[in-house]
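Trainee: So for the sequence shown, the UniProt record's numbering puts the first residue at 1; every next one is plus one.
It is worth saying that the hints were derived from the structure and are not from the lab. Hints may contain errors.
Said to hold, decoys possible - Computed spacing ranges between beta-carbons, pair by pair:
| # | residue 1 | residue 2 | range |
| --- | --- | --- | --- |
| 1 | 40 | 141 | 19 to 27 Å |
| 2 | 162 | 40 | 34 to 42 Å |
| 3 | 137 | 48 | 16 to 24 Å |
| 4 | 13 | 72 | 24 to 32 Å |
| 5 | 28 | 62 | 27 to 35 Å |
Glycine included, every Cβ here is placed at the ideal spot set by N, Cα and C.
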Amino acid sequence: MIDTERPAYDELVARLGVPLGVEDARARWGSLVREARSGTTTLITRERWEWAALVPLSAVPGVLSGLPLVPLSTARAKLGDLVRQVAHPYEHEPVLLSRHRRPVAALVAAAGLTDGSAPRTLPTADVMLLGGGTIVLALDAHGRITASVRDQGGAEVALGTGDSIEQALDALENG
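With the hints as constraints, model all of the structure from the sequences given.
Mentor: Spelled out as structure tokens, the structure:
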């Protein structure tokens, strides 16, 4: 038998405020996305039992690559469907929201925010790439891989080395 009871969202409401209905969220979409990019989480509900949250990218658990990517304008028009999609009781897969094909925020299942886990910190490499930076991989004279992270202006902001690409990128995160 399928459990149709909604999770207890009282803790979320106390922490994040009363959820917006889909139509209210659509009407304020631009400002809500700006707030999410600045770190604010907004609850959105559809038909009282389907709850999602508009969150900053740093609050998305796991790896971002491979997740659905939806343009902001499409997301606004299909917000009700997206809330239903991410709130699905068996598949809590986030949806990334993009501007010019670059992720800027995400919709996640609100139920995933109730466990009290802290938002993850994006690895250095992910943060730099999402912010328009680059990662340059090179093989040095000793056969080791060097990963150099550069900001949008081309200035080197992090450097990692290792015997493999994975180790070099790992050194960025742990160094």
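Trainee: So, for every hint listed, does it hold in this structure?
Mentor: Results of checking the hints against the structure:
no.: 1; hint: 40 to 141: 19 to 27 Å; verdict: violated, 48 Å
no.: 2; hint: 162 to 40: 34 to 42 Å; verdict: holds, 37 Å
no.: 3; hint: 137 to 48: 16 to 24 Å; verdict: violated, 50 Å
no.: 4; hint: 13 to 72: 24 to 32 Å; verdict: holds, 26 Å
no.: 5; hint: 28 to 62: 27 to 35 Å; verdict: holds, 28 Å
Hint check: violations occur at hints 1, 3; the rest are consistent with the structure.
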